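Enquirer: Here are the chains, one letter per residue:
Protein chains: 2
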Amino acid sequence: MQTIKEYIESNQERFLEELFALLRFPSISADPAYKKDVEKTADFIAEKLKEAGADKVEVCPTAGNPIVYGEKIISNDLPTVLVYGHYDVQPADPLELWDTPPFEPTVRDGKIYARGAADDKGQFYMHVKAFEYMMRNDALACNIKFMIEGEEEVGSANLGTFVKANTERLQNDVIVISDTSMISMEQPSLETGLRGLSYVEVEVTGPNRDLHSGVYGGAVANPATILAKLIASLHDENNHIAIPGFYDDVIELSDEEKDALNKAPFDIEEYKDDLGIADVWGEKGYSSIERTGTRPTLEVNGIWGGYIGEGAKTVLPSKAFAKISMRLVPNQNSERITNLFKEHFEKIAPSCVTVKVKPHHGGEPVVTPTDSVAYKAAEKALEDAFNKKPIPTRGGGSIPIVALFEKELGVKTVLLGFGLDSDNLHSPNEKYGIENYLKGIETIPAFFRYFAELSK
Amino acid sequence: MQTIKEYIESNQERFLEELFALLRFPSISADPAYKKDVEKTADFIAEKLKEAGADKVEVCPTAGNPIVYGEKIISNDLPTVLVYGHYDVQPADPLELWDTPPFEPTVRDGKIYARGAADDKGQFYMHVKAFEYMMRNDALACNIKFMIEGEEEVGSANLGTFVKANTERLQNDVIVISDTSMISMEQPSLETGLRGLSYVEVEVTGPNRDLHSGVYGGAVANPATILAKLIASLHDENNHIAIPGFYDDVIELSDEEKDALNKAPFDIEEYKDDLGIADVWGEKGYSSIERTGTRPTLEVNGIWGGYIGEGAKTVLPSKAFAKISMRLVPNQNSERITNLFKEHFEKIAPSCVTVKVKPHHGGEPVVTPTDSVAYKAAEKALEDAFNKKPIPTRGGGSIPIVALFEKELGVKTVLLGFGLDSDNLHSPNEKYGIENYLKGIETIPAFFRYFAELSK
Numbered sequence: 001m002q003t004i005k006e007y008i009e010s011n012q013e014r015f016l017e018e019l020f021a022l023l024r025f026p027s028i029s030a031d032p033a034y035k036k037d038v039e040k041t042a043d044f045i046a047e048k049l050k051e052a053g054a055d056k057v058e059v060c061p062t063a064g065n066p067i068v069y070g071e072k073i074i075s076n077d078l079p080t081v082l083v084y085g086h087y088d089v090q091p092a093d094p095l096e097l098w099d100t101p102p103f104e105p106t107v108r109d110g111k112i113y114a115r116g117a118a119d120d121k122g123q124f125y126m127h128v129k130a131f132e133y134m135m136r137n138d139a140l141a142c143n144i145k146f147m148i149e150g151e152e153e154v155g156s157a158n159l160g161t162f163v164k165a166n167t168e169r170l171q172n173d174v175i176v177i178s179d180t181s182m183i184s185m186e187q188p189s190l191e192t193g194l195r196g197l198s199y200v201e202v203e204v205t206g207p208n209r210d211l212h213s214g215v216y217g218g219a220v221a222n223p224a225t226i227l228a229k230l231i232a233s234l235h236d237e238n239n240h241i242a243i244p245g246f247y248d249d250v251i252e253l254s255d256e257e258k259d260a261l262n263k264a265p266f267d268i269e270e271y272k273d274d275l276g277i278a279d280v281w282g283e284k285g286y287s288s289i290e291r292t293g294t295r296p297t298l299e300v301n302g303i304w305g306g307y308i309g310e311g312a313k314t315v316l317p318s319k320a321f322a323k324i325s326m327r328l329v330p331n332q333n334s335e336r337i338t339n340l341f342k343e344h345f346e347k348i349a350p351s352c353v354t355v356k357v358k359p360h361h362g363g364e365p366v367v368t369p370t371d372s373v374a375y376k377a378a379e380k381a382l383e384d385a386f387n388k389k390p391i392p393t394r395g396g397g398s399i400p401i402v403a404l405f406e407k408e409l410g411v412k413t414v415l416l417g418f419g420l421d422s423d424n425l426h427s428p429n430e431k432y433g434i435e436n437y438l439k440g441i442e443t444i445p446a447f448f449r450y451f452a453e454l455s456k
Numbered sequence: 001m002q003t004i005k006e007y008i009e010s011n012q013e014r015f016l017e018e019l020f021a022l023l024r025f026p027s028i029s030a031d032p033a034y035k036k037d038v039e040k041t042a043d044f045i046a047e048k049l050k051e052a053g054a055d056k057v058e059v060c061p062t063a064g065n066p067i068v069y070g071e072k073i074i075s076n077d078l079p080t081v082l083v084y085g086h087y088d089v090q091p092a093d094p095l096e097l098w099d100t101p102p103f104e105p106t107v108r109d110g111k112i113y114a115r116g117a118a119d120d121k122g123q124f125y126m127h128v129k130a131f132e133y134m135m136r137n138d139a140l141a142c143n144i145k146f147m148i149e150g151e152e153e154v155g156s157a158n159l160g161t162f163v164k165a166n167t168e169r170l171q172n173d174v175i176v177i178s179d180t181s182m183i184s185m186e187q188p189s190l191e192t193g194l195r196g197l198s199y200v201e202v203e204v205t206g207p208n209r210d211l212h213s214g215v216y217g218g219a220v221a222n223p224a225t226i227l228a229k230l231i232a233s234l235h236d237e238n239n240h241i242a243i244p245g246f247y248d249d250v251i252e253l254s255d256e257e258k259d260a261l262n263k264a265p266f267d268i269e270e271y272k273d274d275l276g277i278a279d280v281w282g283e284k285g286y287s288s289i290e291r292t293g294t295r296p297t298l299e300v301n302g303i304w305g306g307y308i309g310e311g312a313k314t315v316l317p318s319k320a321f322a323k324i325s326m327r328l329v330p331n332q333n334s335e336r337i338t339n340l341f342k343e344h345f346e347k348i349a350p351s352c353v354t355v356k357v358k359p360h361h362g363g364e365p366v367v368t369p370t371d372s373v374a375y376k377a378a379e380k381a382l383e384d385a386f387n388k389k390p391i392p393t394r395g396g397g398s399i400p401i402v403a404l405f406e407k408e409l410g411v412k413t414v415l416l417g418f419g420l421d422s423d424n425l426h427s428p429n430e431k432y433g434i435e436n437y438l439k440g441i442e443t444i445p446a447f448f449r450y451f452a453e454l455s456k
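Chains as they are written, first to last, in full-length UniProt numbering: chain C, 1 to 456; chain D, 1 to 456.
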């Protein structure tokens with residue numbers, strides 16, 4: 001019988017090597033070209049779950065990428081923890097901005113650099129290794145179920161169907177997800193909310209072909225110019241989103257909630273230095289923490305049109321495009337917001353162009369309770385590992401499927417994340433601290449133990 | 001002794017084959033990757049000039065792409081015509097919109113489809129073949145000089161130096177350029193003005209790296225959103241350009257000039273149908289013909305930033321870019337306008353981003369006289385070929401170097417263009433009518449004859 005600390009001590013090398021192997025798969029879900037790599041990743045995870053001691057391990061096919069399932073049921077008298085994670089990753093481009101190849105994990109200053117290191121391979125794999133420890137040291141205090149999917153970065157299109165079709169098999173008492181950040185290694189925190197998401201792609205069409213900008217310029221609407229005007233109009237001069245009805249369902253935080261939130265350590269100068277900006281930006285009347293944690297946002301994720309190659313081309317383009325996503329806060333509804341955007345965008349487009357709005361994917365916002373047994377168990381486990389009580393925070397990110405879990409499986413979620421905001425998620429040089437990885441593995445068994453105790 | 005019509009009759013096939021060979025070179029000047037093809041094109045033209053009977057043929061190196069020179073001086077008592085053209089072409093993308101490959105000339109419905117067919121390979125090569133006829137049939141009525149360059153589509157960066165260094169060698173009585181359009185095969189026309197050009201590339205930088213749009217969105221300025229706001233602000237609600245001082249040097253046309261201009265046949269419904277648009281667009285208070293022919297314009301030629309690949313990526317980009325060009329009218333100055341743009345764009349950028357404005361290239365506007373010997377000679381030559389008197393028009397395009405020719409060589413220019421606005425210049429499926437090509441070859445010897453006569 002080893003303690004988790006002893007076990008990590010003696011298996012650290014292997015834990016890292018296995019994660020590196022997992023990180024070498026370019027499991028990019030946004031681009032169909034990586035389908036084969038995605039499938040290999042799923043098989044790899046299934047293999048590792050079996051080695052760790054899971055039963056009924058299965059790579060479940062879906063209309064999209066497969067879902068890896070595995071479980072260990074030791075007693076019907078014990079509570080059951082469902083671990084959710086995702087093995088798919090964001091695209092790696094722009095590649096030229098990576099200091100080392102995105103799919104060749106490299107360690108610098110104690111950090112693992114690779115696409116997916118923190119989001120989410122490094123984080124869900126902590127649970128596989130913690131489970132391995134609990135199995136080999138007779139320390140598994142709850143039943144456990146794993147559901148690791150491959151489409152989180154593209155909206156979990158097929159996970160909903162899978163969950164609805166497997167409610168029995170997925171029955172549990174709490175869903176644990178390690179796919180979020182904490183404040184720092186000195187100040188652990190637990191996220192208590194996730195923003196929802198509404199993601200659309202817009203296409204603005206002017207003339208039926210690219211035109212010579214000298215022969216036609218000035219007399220025919222330029223779709224790139226019109227797209228710029230449309231996007232510019234989506235935020236007013238106070239950076240409020242100018243889509244009618246957009247804020248209708250938003251619940252304003254109470255002053256108490258705001259105060260609690262703004263107590264989290266945040267140094268605006270450090271923040272600006274880290275990002276290399278002279279000024280922050282955002283909705284008038286809200287602090288930076290409130291802007292990301294509690295307010296809905298609208299961001300242009302990509303824009304393109306006309307000639308974007310080397311040198312100069314005097315063309316009046318036929319089309320211009322943008323990818324636009326909106327983050328939603330509790331009580332907003334993804335489908336309603338998508339429709340509001342579509343109606344508004346089509347309405348404000350001038351008659352000299354035609355516009356198309358294509359919804360990509362969405363997800364509902366969630367709030368996790370801070371008075372639940374699961375939250376308290378997570379709190380105590382983190383306090384043991386970090387010798388400091390974690391504080392509740394509101395993250396700005398989204399895990400679109402969580403709201404559906406809660407609806408379909410009737411349980412709440414605990415966001416037991418060990419990443420840091422500075423991990424460059426979705427950016428070049430994504431990283432995850434080796435210390436974060438090992439601390440996570442150390443914390444998880446304690447969570448299981450406390451959750452079993454407090455559930456009695 | 002054959003007439004030009006007989007000569008065309010018996011050499012038509014070869015005239016087309018030679019043009020096709022010329023069109024097969026992907027001589028794209030905007031992209032350094034095509035440097036070798038550009039040089040091969042220059043050698044090909046030099047060869048053809050020699051075959052046609054030119055002396056002192058030379059491929060003159062420059063800091064950029066070479067200039068092909070050739071001449072035939074028959075007598076100092078005869079006037080000298082300098083033929084200017086360019087063998088470089090615009091990039092061909094978006095390739096997927098071409099019905100047949102851009103560098104594999106294909107004939108459909110009597111049109112030659114290929115990049116450069118009309119702009120300008122098909123048009124300058126008419127002069128080479130007309131020259132060949134005049135040489136072989138003892139019909140050369142003027143001395144002739146050819147100057148065919150390879151950087152017109154990127155601003156003729158090195159032609160100015162060449163002209164200044166060769167003023168003696170380039171001495172002439174008129175410069176003839178076939179690189180513009182006429183109204184139709186039923187209604188020939190002569191362009192009497194060219195717009196100037198100011199071309200810039202702008203870069204907007206927000207955070208020092210791409211960010212997760214959930215973690216940072218709403219709290220950090222998105223450079224794509226800011227770029228959209230900046231571009232949107234460059235035209236006011238009447239589509240006037242909102243750069244202070246932009247219109248200072250613009251001379252308003254007299255009502256007489258406007259009336260003359262608006263007499264040119266123009267059917268707004270046909271125009272809209274051809275372009276597939278429901279409405280035209282442009283500066284309030286001006287007709288479509290005035291907007292392209294007599295007013296300065298500002299067009300977005302390209303815009304890009306963030307994730308533009310397949311699917312969805314929730315990123316807040318670090319940078320966004322745009323290529324923007326302005327067409328200038330007589331009395332505006334390219335350098336002054338570029339500086340006004342730069343100052344204005346940098347001034348209106350908010351402190352949450354940094355902007356860079358990089359000038360690409362420019363050129364000055366010109367007006368060609370309608371009372372000159374050369375214009376009258378062109379008028380008579382066109383009337384002979386088309387059995388209809390050509391009418392003067394104001395084209396919207398630019399040939400940046402023309403103003404410099406007039407300054408350095410002290411002569412005026414005749415814009416003897418045989419293209420049509422519908423030739424898809426700078427667009428996919430660029431084309432040039434076989435009839436236009438042959439009519440051009442037929443017209444040119446008559447121009448030489450009339451120019452010699454009227455110059456006596």
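Worth flagging that the hints you see were computed from the coordinates, not collected in a lab.
Please read these numbers as outputs of a predicted model, since none were measured by experiment.
Among the hints, a few may not be true.
[Said to hold, decoys possible] Ranges between beta-carbon positions, derived for each pair:
1) D:Glu269 with C:Lys35: 21 to 31 Å
2) D:Ile251 with C:Asn331: 33 to 43 Å
3) D:Lys358 with C:Arg169: 29 to 39 Å
4) C:Ala33 with D:Glu406: 53 to 63 Å
5) C:Ala33 with D:Ala21: 33 to 43 Å
6) C:Lys35 with D:Pro101: 26 to 36 Å
7) D:Ser351 with C:Lys35: 36 to 46 Å
Just so you know, even glycine gets a beta-carbon here, dropped at the ideal spot from N, CA and C.
Enquirer: Next step is simple, just say for each hint if it's right about the structure.
Expert: Hints, verified against the model:
1. Checked against the hint of 21 to 31 Å, the pair Glu269 of chain D and Lys35 of chain C fails, with Cβ atoms roughly 49 Å apart.
2. Checked against the given bound of 33 to 43 Å, the beta carbons of Ile251 of chain D and Asn331 of chain C, roughly 60 Å apart, lie outside it.
3. At about 59 Å, the CB distance of Lys358 of chain D to Arg169 of chain C disagrees with the hint of 29 to 39 Å.
4. Judged by the Cβ atoms, the range 53 to 63 Å given for Ala33 of chain C and Glu406 of chain D holds: they are separated by roughly 54 Å.
5. A hinted range of 33 to 43 Å holds for the C-beta pair Ala33 of chain C and Ala21 of chain D, which are about 38 Å apart.
6. Range check, Lys35 of chain C to Pro101 of chain D: Cβ separation about 30 Å, and the 26 to 36 Å hint holds.
7. Separated by about 45 Å at the C-beta atoms, Ser351 of chain D and Lys35 of chain C satisfy the suggested range of 36 to 46 Å.
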